[in-house]
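Residue numbers (this note's numbering), protein chains in the order written: chain A, 1 to 722; chain B, 1 to 92.
Heads up, a few of these hints could be off.
Among chain B residues calculated to face chain A with C-beta under 8 Å, some are [claimed, not checked]:
1) T24
2) K27
3) E38
4) S41
5) Q43
6) H53
7) V55
8) T57
9) P59
10) D60
11) D75
12) R81
13) R88
No wet-lab data here; the hints were simulated from the structure. Using N, Cα and C, we set each Cβ at its ideal position, and we do this for glycine too.
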Amino acid sequence: MSDRICPVADTVKRLSDAIVEGHLKHARGRQLAEDILKLTQDITSGRGGPEHLPAMGSLAQRLVTEVPDKACQETGRWLQSVFSEQREVFLSHLETRTCPDADCVRLAPAPCQMSCPAGIDVPSYVTLVGEGRDEDAIELIREDNPFPWVCGLVCTNPCEFMCVRGRIDTPVSIKYLKGFAAERAMSDRLYRNPEKSPDNGRKVAIVGAGPAGLTAAYYLALKGYRVTVIDALPMAGGMMMVGIPRYRLPREVIDQEVSMIEDLGVEFRFNTRMGKDVTFDQLREEGFEAFLIAVGAHASLTIGIPGENRYPQVMDAIAFLRRVALGDRHMPGKRVAIIGGGNVAMDAARTCVRLGCHEVSVIYRRTRSEMPANEEEVHQAEEEGIRFSFLTIPVEILGTDDTLASLRCMRTELGPPDDSGRRRPVPVEGSDYLLHVDAIIPAIGQTVDPSGLTDLETLKWSRRHTVGVNIASMETSIDGIFAAGDAVSGPATVVEAIGGGKRAAGAIDRYLCGIPQPKMPPVPVRRRRMPFTQVPASTKMSLQRPNMPMLNDERRRVTFQQVELGYPENAVREEARRCLRCDICIRCGRCVDICRNKMGIDALQMGYLNFDHPDPTDFRITAERCILCGACAANCPTGAMRMEDSGDERVLSLCGTILNRLKVERCEMCGRVIGPERYHDFIRKRIKGINQHLTDRVLCLECARRSGIETDTEKGPPRVLV
Amino acid sequence: MKLIPKKDRPGCWSNKGISEGVMTFRKGQKVEVYRCSEDESWQDYMDRYVGLHGVVTDPDTVKNDPDALIEVTLDKEGTHRFPQDCLRVLTD
Numbered sequence: 001m002s003d004r005i006c007p008v009a010d011t012v013k014r015l016s017d018a019i020v021e022g023h024l025k026h027a028r029g030r031q032l033a034e035d036i037l038k039l040t041q042d043i044t045s046g047r048g049g050p051e052h053l054p055a056m057g058s059l060a061q062r063l064v065t066e067v068p069d070k071a072c073q074e075t076g077r078w079l080q081s082v083f084s085e086q087r088e089v090f091l092s093h094l095e096t097r098t099c100p101d102a103d104c105v106r107l108a109p110a111p112c113q114m115s116c117p118a119g120i121d122v123p124s125y126v127t128l129v130g131e132g133r134d135e136d137a138i139e140l141i142r143e144d145n146p147f148p149w150v151c152g153l154v155c156t157n158p159c160e161f162m163c164v165r166g167r168i169d170t171p172v173s174i175k176y177l178k179g180f181a182a183e184r185a186m187s188d189r190l191y192r193n194p195e196k197s198p199d200n201g202r203k204v205a206i207v208g209a210g211p212a213g214l215t216a217a218y219y220l221a222l223k224g225y226r227v228t229v230i231d232a233l234p235m236a237g238g239m240m241m242v243g244i245p246r247y248r249l250p251r252e253v254i255d256q257e258v259s260m261i262e263d264l265g266v267e268f269r270f271n272t273r274m275g276k277d278v279t280f281d282q283l284r285e286e287g288f289e290a291f292l293i294a295v296g297a298h299a300s301l302t303i304g305i306p307g308e309n310r311y312p313q314v315m316d317a318i319a320f321l322r323r324v325a326l327g328d329r330h331m332p333g334k335r336v337a338i339i340g341g342g343n344v345a346m347d348a349a350r351t352c353v354r355l356g357c358h359e360v361s362v363i364y365r366r367t368r369s370e371m372p373a374n375e376e377e378v379h380q381a382e383e384e385g386i387r388f389s390f391l392t393i394p395v396e397i398l399g400t401d402d403t404l405a406s407l408r409c410m411r412t413e414l415g416p417p418d419d420s421g422r423r424r425p426v427p428v429e430g431s432d433y434l435l436h437v438d439a440i441i442p443a444i445g446q447t448v449d450p451s452g453l454t455d456l457e458t459l460k461w462s463r464r465h466t467v468g469v470n471i472a473s474m475e476t477s478i479d480g481i482f483a484a485g486d487a488v489s490g491p492a493t494v495v496e497a498i499g500g501g502k503r504a505a506g507a508i509d510r511y512l513c514g515i516p517q518p519k520m521p522p523v524p525v526r527r528r529r530m531p532f533t534q535v536p537a538s539t540k541m542s543l544q545r546p547n548m549p550m551l552n553d554e555r556r557r558v559t560f561q562q563v564e565l566g567y568p569e570n571a572v573r574e575e576a577r578r579c580l581r582c583d584i585c586i587r588c589g590r591c592v593d594i595c596r597n598k599m600g601i602d603a604l605q606m607g608y609l610n611f612d613h614p615d616p617t618d619f620r621i622t623a624e625r626c627i628l629c630g631a632c633a634a635n636c637p638t639g640a641m642r643m644e645d646s647g648d649e650r651v652l653s654l655c656g657t658i659l660n661r662l663k664v665e666r667c668e669m670c671g672r673v674i675g676p677e678r679y680h681d682f683i684r685k686r687i688k689g690i691n692q693h694l695t696d697r698v699l700c701l702e703c704a705r706r707s708g709i710e711t712d713t714e715k716g717p718p719r720v721l722v
Numbered sequence: 001m002k003l004i005p006k007k008d009r010p011g012c013w014s015n016k017g018i019s020e021g022v023m024t025f026r027k028g029q030k031v032e033v034y035r036c037s038e039d040e041s042w043q044d045y046m047d048r049y050v051g052l053h054g055v056v057t058d059p060d061t062v063k064n065d066p067d068a069l070i071e072v073t074l075d076k077e078g079t080h081r082f083p084q085d086c087l088r089v090l091t092d
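Extracted from the complex, chain B is given alone in its bound form (with noise of 0.2 Å):
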């Protein structure tokens, strides 16, 4: 998959115009996040967590729904809420 870098955030990529890369996430699996969302739930300060590792603590509970914001707990960033496009699993 092709990103496009985003011109205001340096190291930041853009999916936008490419096939979102949503799946289905897991309790307990490990995930990076390797890029920033388009999304309006992505905020500025989460910028600095593209290319950190952490565990899907709570994914959506209720719906399956790809486009739920599911919680991942980042090695030394804290727990946060991110859209699912901005994520991959690296291991399960």
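This is chain A alone, in the form it adopts within the complex (with noise of 0.2 Å):
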């Protein structure tokens, strides 16, 4: 193998290292060596556009000009011979987004990192969970994300769905792992804002108290910048605090998460509207550089139906479940009809039965299986005697004077699959009928409410209602106005606005410190490689997801009591220990390539390592079979697969799962470890007919030598050979 490193990953790493060993301590002259490390970072990952290199030889170049530093300057002339000299390999990297030398390869996550939105390193933390270090895996989490509380009781978990160990049995319970071990580390006093860095004195506004708004506040605060979030609203939170019912997400673990983003100096304006109380011009007068709209999509979608403006029964779920989460306490009416099959409309639902309705119909056009919202949800509504009429619609809002009366509704039927390949509603002739409610609640759908977005006359909108941005860097068509979460991508997930919210701080700060934007969204990238918990084979496969424990269905219907409990600390800490590490062990399958293919020993059966078409695995398997020829564990790429002696014993594992252990022999003459007994077994069966002379002695291969030497060599070969 050549022993030339690649000159991008080489200048990665000096220039790092001369950052963070201290070596630049002329603080613009840092600042610059940061913006080129940053952008040469870019390259490394495959994310750098045609600007970078004249970027980076430019900021090189102040580097030597403008930093009356001598170390500075040595680093910028240093940089710019690298640039020169080098110019083709960092064009081909920017080119090609490929490293020959396979130094800038791209470390690749765990798919559960890669999954998450927010890039958040699972297995890292997960490691940490099950080692009882929740106020470390805290710490880590919120290096991606500054609402691990929140998200371990909302998060849609898209990392569950690309677990591995899915596809051996049940995924991970990567949520409530994170949700517990916020709660602990709340509990214990341990979850701290990591250090900001010093005051820089410039000003960033940010439009909206939600996720995405206060993700990029904490990221900016956490970089200097003197942050104001503005919000309509009287308090922060945006739709996790008045979307979102408190049954599902407790508003102190709201205020707690938020409070530690005010900690670190953001400023918050509750009750003022953009564009009523406040503009985007008064802002800039007040000294504000940057801005990010971050307002959420919090205005609903009408169902358009003859009565739906006519009488004030009928409210549409945001508005409802605003005017709950505020505080309101009344029932809608005894009897309510929520009209639509998404999250929201479970949201609504679950909200009228606490509140005391007698009746709670939620009302779907199409079937239970064809439902938006989330399984989990709809069973849970069930449990609370919500009642569902599928394959209806509603048809006319019916009452007298102001008072609503009646709901009339008309049957579906699905029909054929029309040419986009979907089954849609038909109504059934003559098959309408009156369903008796006091209320409505229409949750179809929300959007954008663009009021108070109105002077920003060139702000370009999507076909779909949001504002269109560069998602790679969250740039509005408005120079030093960026925008985030449900705003650009319509009603989404918190996980998800919070990613955009920190992909927004991220590039505000480039903004703000004239560096070119990336050309790509960031792709999660490992920081860490933690330690391997050890767990032996027939333990991991035997341990299996615990449920959640309920809160009783009774007080679930009379109280906004938190309905998921969450899990015993034992459940957690053994939760943690079905973690298959993904983020060491790539599944490139080539362990079991040389086990099966090479030495014809098949002792590992590992199924998982197929994307698209999983066979069974069985980590015990291995022990019946594997003779610990060591050959997986040298020819793995990454250090998964490890064989080590420990005492008297050889021990095979798979990222800590313990796969096989042998106990070894000696050497007869010299007493150093030898392998195994089954390894000497199977090399005896292979060359026995190769050596007619093999002896049952028990030797190293320096005393075998030596002893042949001082015997007659006809006495043949030792036994063992190693």
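Two chains, two separate frames, one set of hints: put the complex together.
Dropping the structure here:
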């Protein structure tokens, strides 16, 4: 193998060392070097564009000419020479996104981390939780997500859909482990903010105190910016606070995590409407240099049937949930109909139950299997006594004067698939009937309310009525104005808003530092390699995902108490041990191939390695067949498969899962540890046909040679050759 | 279904003039990004995702709308929102 190190990777390493080890003492010089490092890292991770190299050259030039410090000037000159002499290599990285030396190959994060819109390093924190280091786990999570507790309760957990353990039995319960760790760290008073950079005096305004806005505020405050968050509501949290009911996400959880952000010096202006109480021009006059629009999607879509706007008892789901979140505990009516089959419809229906409504019906035009709401939400709604009318559409709202009386509905049936492959609901003639109700809550979708943004005349909007941005940088069509969260994606998830907010914070920082924006959204990268937790194969296979203890049905119908009660501690620690550590094992299958095809042993039954068509997996099989030859470990490119001697035993493990453990034999002459008997037998069998002079002596290679010299070589080779 | 190669983006195929291949996606389905989309939400960097497999992690949870952007986690390329006409289901 060549000793050559890729010049791009080498530049990252040497520049990082220079910054971390404090060689660059001049503040301006250090800042310039950090900017160059950021751009070089873009190149090593495949995110660079054509402007990167010129920008890096210009920053290096400034390091030489503008910084009155010898070390900085030397670094600048060294960088200039690297950029000049290795220009072709840098350009090749940018154009082909390939590193011929394989030094810049992006470290492959685990599928769970890749699936997380916030890019959290899941395997590392799961390992920490398994070891009982909850506060360390939270510190690690907050490198990518300032809301571990919120996400531990309401995240849509895409990580669990990608969890490789799910290909064996069930995914690791990642979400609840995070929730447990956050609660425990908070309870132990060990939930802390990281150290922030010194104040740089530059001001950023964020419009919207929801998950995207607060996340951006957190990361910008950590970088030393003066951040002000403006929100029309009287409290922080946005849709987390007024859109998610308290039985799923208690207010204290949001308040505690928001207060951590406030502790970083973030200023809040509540009850302040953009365009009405304050304008972008006024904020610019106050000295704000960059803006983030994170206003969410709080406007409801209308159903468009007669009577919809006539009766005060018809209220949209978002307004209803907001009213309840702000403290209103009056039931909307004894008999309520919710129109829609999404998560908001489920939230509205379950909230009605808790407010004391006698009959709550969900009207949905398709079948249960086509409901867009999460399966567990639908299941819990059914447990709480909510009725579902599938294949039903609302036709007209009827009443007298200002009082609602009933909802005229019509049955539908699913027609044959149309050109698009979807079976559309077709009304059944003559099937209409009256549903007597006191209130109707349409929950058929939300959109962005543009009313606060009308003074931004050149702001580009998408045809889906969301703010148009460059997804890689979250830049809008207006210089210095960025956008993130539901305002960009339309109604989406909390964790997606968090990811967008983090991306926007990075882009605002680049904008204010005058460095180019990336051409692609960031791909999560691994930052550390946690040691493995040792788990026997039998334990790894037999541990099962625990069931979540739930509040009893009666209490769920009358209180807003949290429904999911959380795992007990022992269940959390055990569940964490089910993790396969896919951050280390990249599932290349080389170990299986070598064991099966080269050694002819076939001791590794790991069907989960196949993404598209997983076969059965059983780690316990290995102990039955493995001879501990070590071929798998020797060929593992990441060090996931290991063979190590421990006392009188030789142990084979995969990411800490102990696959096989056999007693080793010792050399009869010198006492040196040599391989296990099963391996020796295997070798003997293999060479039996070749060498007829095998003896039963157990000798290491050296003693065997010596013994061979001292005695007659015709006695043959010893039994063991290690 | 016939696809038309796009001149300016080798490897990408346009569905312009051809009926939209939209369908309802469910959480956890394995899908393939099998072509570029003409939708405005398709950004240049997404061209490199054509041919990749992934899992639907957040379909439209509100309306079941064939026009909604849905969240897909691509094996080794992170999580992105795609228009539905560039995706096809591999397995259920």
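Taking the hints in turn, this is what the structure says about them:
A cut of 8 Å between beta carbons decides the hint on T24(B): the least distance to chain A is about 6 Å, and the hint holds. Hint status for K27(B): holds, given a least beta-carbon distance of 7 Å to chain A, under 8 Å. This hint is violated: E38(B) has a C-beta 12 Å from the nearest C-beta of chain A, more than the 8 Å allowed. Taking 8 Å as the C-beta cut-off, the interface hint given for S41(B) holds, the closest approach to chain A being about 7 Å.
Residue-level restraint check for Q43(B) holds (minimum Cβ-Cβ distance to chain A is 6 Å; threshold 8 Å). Residue-level restraint check for H53(B) holds (minimum Cβ-Cβ distance to chain A is 7 Å; threshold 8 Å). The restraint placing V55(B) at the interface with chain A holds, with a minimum CB-CB distance near 5 Å, inside the 8 Å limit. Against a cut-off of 8 Å between C-beta atoms, the interface hint on T57(B) holds, since the closest Cβ of chain A lies about 3 Å away.
Interface restraint check: P59(B) against chain A, minimum CB-CB distance 7 Å, threshold 8 Å, status holds. Taken as an interface hint, D60(B) checks out: its beta carbon lies about 6 Å from the nearest beta carbon of chain A, inside 8 Å. A distance limit of 8 Å between C-beta atoms decides the matter here; for D75(B) the minimum to chain A is near 6 Å, and the interface restraint holds. Interface hint at R81(B): satisfied, since its Cβ lies 6 Å from the closest Cβ of chain A, which is below the 8 Å cut-off.
A hinted interface residue such as R88(B) counts as satisfied when its beta carbon comes closer than 8 Å to some beta carbon of chain A; here the least separation is about 10 Å, so the hint is violated.
The structure fails to meet hints 3, 13 from the earlier list, while all remaining hints are met.
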